[in-house]
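Student: The task is simple: from the sequences and hints, build the whole structure.
Residue numbers (numbering that gives the first Met the number 0), protein chains in the order written: chain A, 0 to 456; chain B, 0 to 456.
Think of the hints as simulated: they come from the structure by calculation, not from any bench.
In this text the structure is predicted, and so the values were computed from the model without any measurement.
If a hint is listed, it holds; no wrong ones were tucked in.
Derived DSSO-like pairs (lysine-lysine); straight-line CA-CA distance at most 30 Å:
#1 A:Lys206 with B:Lys195
#2 A:Lys316 with B:Lys206
#3 A:Lys439 with B:Lys324
#4 B:Lys247 with B:Lys39
#5 B:Lys195 with A:Lys195
#6 B:Lys195 with A:Lys316
There are 2 protein chains.
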Amino acid sequence: MLTYDLSKQNKLSLYDKLYRCIRDDILSGTLKAGEKLPAKRRLAENLGISVITVENAYSQLMAEGYITSKERSGFYVEAIEQSKAKKKLPAREEPSCRTVFPSERPNAEVFPFSVWAKLMRETLLEGSERLLEAQPHEGAYALRKAIADYIYRSRGIETSPEQIIVGAGTEYIYSLLVQLFGQDKVFGVEDPGYQKTAAIYLANGAKCVYLPMDKHGVSLSALEGSGVEILHITPTHHYPTGIITPIKRRQELLAWAREREGRFIIEDDYDSEFRIAGRPIPSLQSIDADDKVIYVNTFSKTLAHSIRISYMILPRKLLDLYREKLGFYASAVPSFEQYTLAKFIERGYFERHLNRMRTIYKKRREAILQKIEGLKFRSRYEIVASNSGLQCLLRVKTNRSDEELIERAKALSVRISCLSQYSRLCEQKYDHTILLNYSKEEYADLSFLDGILEPLP
Amino acid sequence: MLTYDLSKQNKLSLYDKLYRCIRDDILSGTLKAGEKLPAKRRLAENLGISVITVENAYSQLMAEGYITSKERSGFYVEAIEQSKAKKKLPAREEPSCRTVFPSERPNAEVFPFSVWAKLMRETLLEGSERLLEAQPHEGAYALRKAIADYIYRSRGIETSPEQIIVGAGTEYIYSLLVQLFGQDKVFGVEDPGYQKTAAIYLANGAKCVYLPMDKHGVSLSALEGSGVEILHITPTHHYPTGIITPIKRRQELLAWAREREGRFIIEDDYDSEFRIAGRPIPSLQSIDADDKVIYVNTFSKTLAHSIRISYMILPRKLLDLYREKLGFYASAVPSFEQYTLAKFIERGYFERHLNRMRTIYKKRREAILQKIEGLKFRSRYEIVASNSGLQCLLRVKTNRSDEELIERAKALSVRISCLSQYSRLCEQKYDHTILLNYSKEEYADLSFLDGILEPLP
Chain A
0 MLTYDLSKQN KLSLYDKLYR CIRDDILSGT LKAGEKLPAK RRLAENLGIS VITVENAYSQ
60 LMAEGYITSK ERSGFYVEAI EQSKAKKKLP AREEPSCRTV FPSERPNAEV FPFSVWAKLM
120 RETLLEGSER LLEAQPHEGA YALRKAIADY IYRSRGIETS PEQIIVGAGT EYIYSLLVQL
180 FGQDKVFGVE DPGYQKTAAI YLANGAKCVY LPMDKHGVSL SALEGSGVEI LHITPTHHYP
240 TGIITPIKRR QELLAWARER EGRFIIEDDY DSEFRIAGRP IPSLQSIDAD DKVIYVNTFS
300 KTLAHSIRIS YMILPRKLLD LYREKLGFYA SAVPSFEQYT LAKFIERGYF ERHLNRMRTI
360 YKKRREAILQ KIEGLKFRSR YEIVASNSGL QCLLRVKTNR SDEELIERAK ALSVRISCLS
420 QYSRLCEQKY DHTILLNYSK EEYADLSFLD GILEPLP
Chain B
0 MLTYDLSKQN KLSLYDKLYR CIRDDILSGT LKAGEKLPAK RRLAENLGIS VITVENAYSQ
60 LMAEGYITSK ERSGFYVEAI EQSKAKKKLP AREEPSCRTV FPSERPNAEV FPFSVWAKLM
120 RETLLEGSER LLEAQPHEGA YALRKAIADY IYRSRGIETS PEQIIVGAGT EYIYSLLVQL
180 FGQDKVFGVE DPGYQKTAAI YLANGAKCVY LPMDKHGVSL SALEGSGVEI LHITPTHHYP
240 TGIITPIKRR QELLAWARER EGRFIIEDDY DSEFRIAGRP IPSLQSIDAD DKVIYVNTFS
300 KTLAHSIRIS YMILPRKLLD LYREKLGFYA SAVPSFEQYT LAKFIERGYF ERHLNRMRTI
360 YKKRREAILQ KIEGLKFRSR YEIVASNSGL QCLLRVKTNR SDEELIERAK ALSVRISCLS
420 QYSRLCEQKY DHTILLNYSK EEYADLSFLD GILEPLP
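Tutor: The structure is reproduced here in structure tokens:
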């Protein structure tokens, strides 16, 4: 029977402590592949904690792919490359069981306008000379320091301000990455996926390969023969399907990168701040022992679209090359915004803002899911991936094509998008699936979902 | 004898009216190539104006290459392609005889901090929703409108907000231009020239050719055989030599672009706001009848380096291609900065700020030129191109190499740069020429200019 001392005083919740203990035992090999975990009730009794706590810990381990459940049998340890786990994750202090939801458009009711305005005034008063000076290409030190501290607290990523490059939006950062690796490189993107990513790599002169997904993320077999050198993925929360890449696949992807000198993975962590249940999935970057992962995230999604600040964390071994090739560029982000955002993060406003947003988005999501229950044709809709970042996916039983569905919705004055529109490879499995964005005003009334299924007159 | 009615009531100065009358007569063919202009005193008497007014008008015409002076003979009309002049320049209302000087680093004492802060607060108060929304790729309409109006007033460029793309600095804009034209295109840059320009084109995957200069700008013969398709030049004020490309060469360059479908000229007008005497030189864009010129300018040089806002004016015929290829990008400039700058321009603060800067830079320049007069080795220095934008050039009589001069200055704790460092083609004519930036703190004491020429002990 597993026995852990969960009494150690720190700010972690019990479930998080238990999750860490079991995860570390799996990574160290103490718990072996195929080994059966104790039943939840028994483990709870043994440790003197509630069954719910054990349930939460197991759920998190499942979500991350450390264990699987077999029906009517129990929980089993997955086969994982132990030795490759880079380091123990730092103890993080964060609320347990986040119940969180994202939106494509953080809007004015959520944005902490008065705080932001106060910090702006403060930045203005602080010193004019500093505000007028050109920033180094990588961004103001104060902001890079604030990001490094935040990303450690929130994502367990140990990094230093030296590795952080602040850019004017992720699109700008992708352009820098093409320049860093060279226009002759082949970039791999997920299919289905965020369409702009490929468009940006192509516009910047790189080659681009669309890689099919299986239920764990980018298909490894497709990747192997693809000629891809730089792989761009959203492993925490695939866009738009919400697939979470489990630890095993993550290790396989890291192993793929390790095989060749010039291979790298761009980890696009665009909505890791938002997740339905449990802790956010640890980043690929934090388990990368070989300096193969470039971590990218943005404040445009979490704060406001008009705040054009994103950042990437470069592996140490790329720093010299980066400085040599791109260090001559000026920073593309105004100093004023950089210093204001630095204060906003330093003083904890950013994390408070995220909490507030999650509550609001949760309500929006609940309202949408409730409305779906009341649909006349409810039985022809299946909610899939409602934990996904930006929206839920609705699978529809219909003989109509996606084009027809879109046309019929349009006739009802509603724009809908279908999963198939996010795919270039056009696999049939992506047909008949509608994306419902929680925060779109158009979706306040969902009666169009019945309307598009009504028989034609 | 030339006779013009200069009494028409408008805000133009007399000299400017006279300049326009003569220029228009040259462009229309009324004054023919080789024709001798009346002597200054006689024309002044004839028109009932002062000799100084005629002198100013003739100087401006000379600076722009419409006329030349032959010693002890007089002023003659240059050979110019009349029919190619696109349109009469609009009557502009601007102060006559600007005496202006630029700086590489507009600094805090010059920046209108309190006005800027006031406008920022106003932008904040005005409406939160608008500030949080993503801007269209090309930038906020209010800012593009303000720029269109300003550029008409200040540079006689007739354009519409639709043609203007606001970007996060000129470096960002150059990257967009490579993406627009394609990475397979050959970009031509001036040699000597601003080193970053070529670096940016190369980093973005384009090919880049260094084109030698003659005394009128980029050498046409070098251009012809070069394979260049996109020519990047600074015709108003070449960096760093200060060469002004005269009207004849401008027309030849436009004719070169006209010859082939895919040829375009990027007019980098980085310091047109600053000029020693007379009106600023009309832009290439304003005499381009064939939609071949992309005009680029920035607020980073005129306002503050930390304000990362530049813009380009696209020819109408490129608009569709631009939208198709790059319209998907988000704007990389924060809304907040865009709206604040729009107000700053609309309300005339920008032009007032420029006037103030010119006065300050003029004083700095005078101080430097005066100090040069007091040098022990004054006779070994020749001031060349002191009208140039960012600095003056000092030619040195010495047997020492540029490397030695730089080394000796370094030993005296002063960093100097030499014209030869701005050239890849390494033509000998660029040797022994030092750039003196008017606003560098290091140049407050010029005794190092004697120091580097002292005989070695």
